[in-house]
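**Student:** Chains as they are written, first to last, in the working numbering: chain B, 402 to 826; chain X, 153 to 538.
Think of the hints as simulated: they come from the structure by calculation, not from any bench. Among the hints, a few may not be true.
[Said to hold, decoys possible] In silico EDC-like pairs for lysine to aspartate or glutamate, Cα to Cα no more than 20 Å straight-line:
| # | chain 1 | residue 1 | chain 2 | residue 2 |
| --- | --- | --- | --- | --- |
| 1 | X | 271 | B | 787 |
| 2 | X | 294 | B | 571 |
| 3 | X | 294 | B | 576 |
Since the model is a prediction, treat every value here as computed from it, not as a measurement.
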Amino acid sequence: MPRASEKQLESTRASLEHQKAWFAELRRNVFDGKKPYAIAQADMPLELFELLGVPVVSNQWWAAIVSAKRLSGYYFDSLNAAGYHEGLCRYCSLSLASSISGDPAKGPWGGLPKPALLAARLTCDCIQRIFETWAASFGAEFIALDSPGATHLPPRWWELSRDRWRELYEPHRLDLMAAQIRVLIRALEKVSRRKFSQARLRSLMERVNRQEEYFEEVRDLICSAAKTPVRMNEQVINVMNAQWHRGTEWAVSHARAFRNEVRHRVGRGIAAYPGEKLRLMWVGAGLWHDTDFYTAFEESLGAVFVWSMYLAFGPDGYIRYGLDDPLRALASRVVSMNEQLHNPPWANEWIVEQAKRHRIDGAVILVPEGSRPSATGTLFIKHALENAGVPALEIWADMVDSRRWDATSMRQRVATFIETRVQRS
Amino acid sequence: MSGAIEKLVWHYQHRSAEALAQHKAGVPVVGLTSNTVPWELIRAAGCFPVLIGPDLAVLDKATPFADRFVEPVFDSRIRAIFSDVLSGAWSFLQVLIIPRTSEPEHKLYLYLREIARQKLSHKLPGVYLYDLLHTRSPISRKYGIDRTKDLMRLLKGTGTMDWKSLSNAVKESNSARAALRRLQDLRRGITPRISGSDAHAITGALYFMDRVEYAKLVNEACHSAKSAKPLRGPRLLIKGIPLHHARLHYALEAHDAVVVAEDDWWGSRAVHANIAPARGAASLVRAIFENYYLRAPSPRVSPIAVADRWFQIEVRRGVDGVVFYLPPDDDVYGWDYPRQRDYLYAHGIPSLLIREDASRGLSGDTNAQLQGFMEQIRRSRNASRL
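For reference, chain B alone in the conformation it holds in the complex (with noise of 0.2 Å):
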């Protein structure tokens, strides 16, 4: 049996190289050689940033770093000291709490240096605070772009978001997001200097396409093989450095790579874990400080994890046709992201749909302690997919902090659930 560490995928090693060189020369360029770049969300319009050549740092990509470091719980001790309560995010904090409690030198390759511009969506409530205090601490501007509620609410959106976009995602949000964007953009032009171009912009958003189809055939081939050819770790390493730099050539052609392997593996009838049995899904954010817990349930239990959204979600998400407004089609991108992870109907409809389609087992739902936003809709969820067949278990934890994280007790109480609730349905 393959060992549960062992990067199974040529495509994997690939990503992990390009990523190893991005961040060198992320580091050369922007930590040593002082060129500007900007500390952006997740789910704010990166392509923006690549169009316009600066470089980002994503928030919640460093608190990545931070917590694979093994350093959350020397920046979250550092931050609490400071006056900032336990109960306040931590997911999207991390980052800030490295720059601006205990020693940020102390941080990987040293800290973040002095960015150009922060941006972020609020989305929830913190956000504003977090991304000001980050930007006061550091003295730079900080672009901030308002984020309306959805009140189009069709629960199949998946079914509507390649081709109805600019009706799903209803016109005044467009508008709202797209002037928004407008000001974002000039914002980037005069940190690079450079000139926005539209005919671009299209260009970029049509490689984000392919390569979402690519990503597209991987989640079909998983659906379809008898046993899943790749495991949920390499998945989300393979997808999601394509992501962070979606749209560019290394993107499109990463993701078509990734796609040529997994197809011949399940041409010549190679499965991740030969010994499988049962089909797991994971529900949330990943579990950034303990990733070997995807693999822990295969020798025992012959359980796999081969779901997440990381790889599912893009397709549906991301895909959009029609560009002959290619602002307002990132717009649409932008002003719906996490809005189909986190809030039903839209949640628990497509989680429903993806578990059908991946013939999912049971199910582990993260419900993050320190992340609330993220905590919401998953009741929903469970139900929903309870309803379905699919046993569920929800389990209470944070993605980069390992303070209380009880990783013996944690892999008993998935193993229970196996046992108990998912190999007798």
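Following the hints, put chain X in place on chain B, whose structure we already have.
**Tutor:** Then chain X, alone, in the frame of chain B:
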């Protein structure tokens, strides 16, 4: 306690009473969940606007309807509203208007819609999202005006709305605002004349009553309070999550403190400037919108400098101390605490942080801290007299 105060406190405690009476009298009743829904538009459409409390009784009650669908991360007020609405207590509403004034309210709207879509309850009123944004930018402002026009279209379905009905509604609410300003004046200065808990209840009654009657009673209450014995305890301002009950006030008053202001919409910030009269319905609607957009507090007001302005002016105006109230379910206002604490420190104003849920009573440790805090204030007041 004067008769006027008693009546106001009764309405504060019996939050749905007037709405039910109006409903029985055949007046359409429209519910709202926050201070940022323009009361005047609902009134101008011939409806009775009422805030969905929640009822004070829910502080001590289980919320079984909420427990099934609402994650524990939601604050107690939103859970209680959800539970109340699902219980059928508000099924008589013409519509429930939920503003995008906080993320939990946005989710409340989505959750109630989902309950209706899945037909999990047949007792729900229709829900409507008033998508008011709170960032101070020309783009958000225009968006807000357009959404206010949408809201008018909804309300016009309930009753006719023209310049005359809008003007009358503005007059009614302005009279309530003027009365509330008088009340606030009695709380300010060296010798406040009314206790914080009474003032809080009187202010809160605003959201549950007819405003003509409300203004009359508040004016009477102010008249009798003027001749009341001055209150001499340490003057405190409460800052933190909005207080929809007065249990923190009672806890502070047990230590002889006088709460003179609350930086939230249930307290001192229920009061803001009058809506200016305008010629023409369109101008008046714009003036109504501006009043809410620019003056009503919300956790989403951005930038921080705007959000902090009222607090900074009020503490400099004269308080002896500030109590920061961040109970365990806070996940927003705690981001402001270190900045605001440092501001107070720079201005020589003592502060105390409470991280317990006052609705369940404060622990012995917190009471001991409060005792120490009051002594600290008294010592510094005595020292400044010398």
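**Student:** Regarding the pair residue 294/X and residue 576/B, is the alpha-carbon distance no greater than 20 Å?
**Tutor:** Between residue 294/X and residue 576/B the Cα gap is close to 11 Å, so the pair holds against 20 Å.
**Student:** Are the Cα atoms of residue 294/X and residue 571/B separated by 20 Å or less?
**Tutor:** Judged against 20 Å, a Cα distance of about 16 Å means the pair holds.
**Student:** Does residue 271/X pair with residue 787/B here, judged by a C-alpha cut-off of 20 Å?
**Tutor:** Cα-Cα ~17 Å, so holds.
When held up to the earlier numbered hints, the structure conflicts with none and fits them all.
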